[in-house]
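Asker: Residue numbers (full-length UniProt numbering), protein chains in the order written: chain A, 1 to 321; chain B, 1 to 315; chain C, 1 to 293.
I should point out that these hints are in silico values taken from the structure, not numbers from a laboratory.
Heads up, a few of these hints could be off.
Said to hold, decoys possible - With a Cα cut of at most 25 Å, we get these calculated SDA-like pairs of lysine to any residue: (1) A:Lys83 - A:Ser39; (2) A:Lys266 - B:Ile72; (3) A:Lys266 - B:Gly41; (4) A:Lys266 - B:Ser80; (5) C:Lys177 - B:Ser27; (6) C:Lys177 - B:Ser80; (7) A:Lys266 - B:Arg14; (8) C:Lys177 - B:Arg14; (9) B:Lys259 - A:Glu317; (10) A:Lys266 - B:Asp100; (11) B:Lys259 - A:Leu118; (12) A:Lys266 - B:Ser27.
As the list claims (entries may be wrong) - Interface residues of chain A toward chain B, partial, derived using beta-carbon atoms under 8 Å: (13) Ala216; (14) Phe278; (15) Asp307.
Unchecked claim - Computed far set for chain B versus chain C, every beta-carbon distance over 12 Å: (16) Gln84; (17) Arg92; (18) Gln99; (19) Ser103; (20) Ser104; (21) Pro107; (22) Arg108; (23) Thr114; (24) His122; (25) Gln129; (26) Asp176; (27) Pro278; (28) Gly306.
Backbone N, C-alpha and C fix where the C-beta goes; we use that ideal spot for every residue, glycine too.
The primary structure of each chain is shown beneath.
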Amino acid sequence: MSPLLSIERLSVAIGGVTLLDDISLSLDRGQILGLVGESGSGKSLTALTVTGLLPLIGGRIASGRILFDGTDLASLGPAGLRKLRGGRIGFVMQNPMTALDPVQRIGEQIDVVSRLHLGLSGEAARARTLDLMGQLRIPEAAAVAEAYPHQLSGGMKQRIVIAMALAGEPDLIVADEPTTALDVTVQAQIIQILTGLVRERGLALLLITHDMGVVAQACDRVAVLYAGRVAEERAVDPLFERPAHPYAAALIGCIPREGMAEGSLKGIAGSVPPATQFPPGCRFHPRCPHAVDICRTERPLLRETPDGGLVACHLAERIAG
Amino acid sequence: MSEPLLVVKGLTKRFMTGGGWFARPRSMTAVRSVNLTVGRGEVVGVVGESGCGKSTLARLILRLIEPTEGDITLGGTRLSGIGQAELRRERRRMAMVFQDPYSSLDPRYTIAETLAEPFRVHGLPVTQQAISGMLEAVSLPASAALRYPHQMSGGQRQRIGIARALALRPEFVVLDEPTASLDVSIQAQIIELLAALREGFGLTYLFISHDLGLVRYFCDRIVVMYLGAVVEVLPDARAVPRHPYTRALMDSSFAPDPKARREIAPLSGEIPSPFNLPPGCAFAGRCSRAVEACRSASPPLTEEGGHAVACFNPL
Amino acid sequence: MTAPSPVSSALPGGLGVLRAAFGRPSGAIAGGWLVLIVLGAIFAPLLTPYAYDAQVLKEAFQPPSLAHPLGTDEFGRDLLTRMLYGARTSLSVSSVSILISVAAGMTLGAAAGYFGGFFDRAVTAVADLTWSFPEILIALILVAIIGPGVSGTMAAIAVAYLAQFARLTRAQIMTLKAETYVEAARSLGAGHAHILFRHLIPNALAPVLVSAMLATGDAIILEATLGFFGLGAQPPTPSWGSMMSSGSALLFKAPWIIVFPGLAVATTVIAINLFGDALIAALDIRDKLGSKP
């Protein structure tokens, strides 16, 4: 059986600048795929492309395709995409403070999703809303449904946004940095809710984050993006145990962990270049401690790793070995 | 602990808000009776979630906000109680690095002008060499002097913010979430830089952060705040937390290691409103270990071997 | 994807902004017209063989001709000459009074916004009060007190627009005050003067100056109105307003006497507004200007 979401050799351009370059990813039901990288790596753009929101920011698919449950998203047209988005594909945005309409009651904002996508009546929609809020462990759901967004805390708002994403009976949830704007204890709650949904309902979750800690805690597979390209795509355990791409290794090394000796926290020199100034060869080579001549001239192609992952590095064997 | 550089006693800040034609003003205690000592050369971390008062505490200590009550002494000089003119002279000895490197630099001025500001404020001469030296200290090329802030990345701007803070060779520097607006890869660079500068200039840091993992990596001692009050002081980074809130914070930060994956017992309930604090321990409503006493009386901060905790039923 | 690119073009300086404003078609036409008017006013004595007050009664009421391109008035004075000299009065009175208004308004607004408290409430109350009257009414009251003439007109216009600049500056300063770089300056030991003059006012300047430019257009109309009522520059000094006033009685006999000064006022004000719009676009400060139409 083909996977639920399959991104095949996707390139995306905005105004003549190619921001995503030949990205391939796949995600199945009951799976969590982490998409990780620094700002400028193209991870949010991937989320927008998958949810069909690319035209909003003036972008277009230059080549490749996105298959959702066997259907090419490009063949759907705006109306078909609208039906899919909020319906079978739920979207959780980074900032819950701005994702909700400030002048509409919480309940109404969730109701409208199931009325629109499932054709439920007002009462049935509200019943479903309260049921969803209960599943997300929102206390006093009936009272919260009557509240306005400004009356709720950030963590509560993000749960409401998740409830909205769930209201259309989605098969896939795309979550773009869902916990970045939240406190750590709340982040832990939200991550737990999201992983619970995947395990219990067999949803697929595309989790976009910059935090390798969140990836390690939540994901099954992870794709590391750098400057619009996939650097490494593997199951979580082998990736953290023995990262094959120097960029993946460097990202892991950026996060302090228990008992780390002082001075052992390593940053990555420099920063992601703007899309108009991507270097030739391997785009990471100016920041890579291992770079050799071939990295400066020749683009490394994605190759299979022994454990069924993919890595785009000329020196992968040497580094991992 | 070495000779104390900063001594804070009973520091309290109440904000009055509301208060209009029809509303009675409400008071909110942002920082409640905080005692804190920072030894010379030490790095003390203050950690807590948004609204815990850590940023207010930082500004109170530097008297960027006037405290309601309490004493602040820096290197023998009592900061609380001196006049504005004297305070401005004392500012040479202390400095602050701000969270947002985008709004902390005036967009109208070149980097050279921004770095010259501390000297100008105190009527000191500043030379081209001094500017170049400051840039070198934070690993930026001398050519950066002629650029404007918007021509630089977030990490570079934060380096400028650090260089400006260190311009007059202060003894004491408050770092207010200096890496929270930056990518993790840049965060590590900035932390490395701060560590090197501390070594090079013999600095004392108060490091404000929401990230317990980062604080445990970088700091010698850790102060944990919840709703304006100190709930625990860990004597070193490896100390095992005794307060349930510190434990919850620690459980909530994810290590980059799938083997350390864990089921988290999520904190139930919401942070109470600071305008309407419940009697007793502020954390009691979310605490799984709360006992009867927690709901009626505030647990005092009691110290044992440098490890202080404010809890009736500690771990 | 949200982070701005680390390297982009340099901050546009004064010249860059002007070039950008002239780069738009409407900005170029409007700016060109304004330059023409200003040059005409400055070089008036070189551009015309006549004196603005030379009465040649036998040549009165002449329609436009080669000798008098815009005709002559009831005293036989050359209308083009009087228009050029009138531009001197109109432009200098309106711009000098707006300059005074901006200086006073910025001082009041900056102090109110920065220090707050009682002073702020007092300034805001007075500004709101004057703003609730039409400018012309305030101007008329002031001219009645000070007396007609150029200085009375200038004072009247300056006071009439004071509230606008005070309020705009105050709003700017209040927003800028919360910027971290201001707190950073305080943490370095900077005093009030340093913060106000090095950080707040320079950053508040652009929107205030553009709004001053637009107000100059309104001030030209106000000056012309006062002149029309005989309260502005006194004869024989020409001003567009007083020229229209004397032409109004002769509307049917010699329409050119009122039409040409009227056209001068209209085109100049439109040009100022169009150029102001181009400046706003070039500076990208549309959101910072208040909503006063």
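Asker: Does each hint hold? Answer for all of them.
Answerer: Each hint tested on the structure:
A C-alpha spacing of about 30 Å is found between Lys83 (chain A) and Ser39 (chain A), which places the hinted pair above 25 Å, so the restraint is violated. Simply put, Lys266 (chain A) and Ile72 (chain B) have alpha-carbon atoms about 36 Å apart, too far for the 25 Å limit, and the pair is violated. Between Lys266 (chain A) and Gly41 (chain B), the direct Cα distance comes to roughly 23 Å. Compliance with the 25 Å bound is thereby established for this hinted pair. A hinted pair counts as satisfied when its Cα atoms are at most 25 Å apart, and Lys266 (chain A) with Ser80 (chain B) does not qualify at roughly 40 Å.
For a cut-off of 25 Å, the pair hint linking Lys177 (chain C) to Ser27 (chain B) stands: about 24 Å separates their Cα positions. Distance check on the hinted pair: Lys177 (chain C) and Ser80 (chain B) sit about 24 Å apart at the alpha-carbon level, within 25 Å; holds. Our distance criterion of 25 Å between C-alpha atoms is broken by Lys266 (chain A) and Arg14 (chain B), whose separation comes to about 41 Å. Between Lys177 (chain C) and Arg14 (chain B), the direct Cα distance comes to roughly 22 Å. Compliance with the 25 Å bound is thereby established for this hinted pair.
Taking the CA atoms of Lys259 (chain B) and Glu317 (chain A), the gap is near 24 Å; set against the 25 Å cutoff, the hint holds. The hinted pair formed by Lys266 (chain A) and Asp100 (chain B) meets the criterion: a straight-line CA distance of about 22 Å does not exceed 25 Å. With a C-alpha separation of about 40 Å, the suggested pair Lys259 (chain B) and Leu118 (chain A) falls outside the 25 Å cut-off, and the hint is violated. Taking the CA atoms of Lys266 (chain A) and Ser27 (chain B), the gap is near 44 Å; set against the 25 Å cutoff, the hint is violated.
With 8 Å as the threshold, the beta carbon of Ala216 (chain A) comes within range of chain B, its nearest partner Cβ sitting at about 5 Å, so the hint holds. The beta carbon of Phe278 (chain A) is not positioned within 8 Å of any beta carbon in chain B (closest approach about 16 Å), and the interface hint is therefore violated. Proximity of Asp307 (chain A) to chain B is violated relative to the hint, the smallest CB-CB distance being about 14 Å (cut-off 8 Å). The claim that Gln84 (chain B) lies off the interface is violated: its Cβ sits roughly 8 Å from the closest Cβ of chain C, which falls inside the 12 Å cut-off.
Annotated as non-interface, Arg92 (chain B) brings its C-beta within 12 Å of a C-beta of chain C; the closest such distance is 7 Å. With a cut of 12 Å on Cβ distances, Gln99 (chain B) falls inside the contact zone with chain C, its closest approach being about 8 Å. Not every CB of chain C is more than 12 Å from the CB of Ser103 (chain B) (nearest about 4 Å), against its label as outside the interface. Ser104 (chain B), annotated as away from the interface, has a beta carbon of chain C within 12 Å; the closest lies near 4 Å.
For Pro107 (chain B), the requirement that its beta carbon stay farther than 12 Å from each beta carbon of chain C is not met, with the minimum near 7 Å. Listed as a non-interface residue, Arg108 (chain B) fails to keep its Cβ farther than 12 Å from every Cβ of chain C; the least gap is roughly 5 Å. The Cβ of Thr114 (chain B) does not lie farther than 12 Å from every Cβ of chain C; its closest approach is about 8 Å, which violates its non-interface assignment. A cut-off of 12 Å between C-beta atoms contradicts the statement that His122 (chain B) is not in contact with chain C; the least separation is 6 Å.
Its beta-carbon lying about 20 Å from the closest one in chain C, Gln129 (chain B) satisfies the requirement of being farther than 12 Å from that chain. At roughly 10 Å, the least C-beta separation between Asp176 (chain B) and chain C is not larger than 12 Å, which violates its mark as non-interface. No Cβ of chain C approaches the Cβ of Pro278 (chain B) within 12 Å, the least distance being about 32 Å, so the stated non-interface status holds. Every Cβ of chain C is farther than 12 Å from the Cβ of Gly306 (chain B); the closest lies at roughly 30 Å, confirming the non-interface assignment.
Violated hints, in rising order: 1, 2, 4, 7, 11, 12, 14, 15, 16, 17, 18, 19, 20, 21, 22, 23, 24, 26; the structure is consistent with all others.
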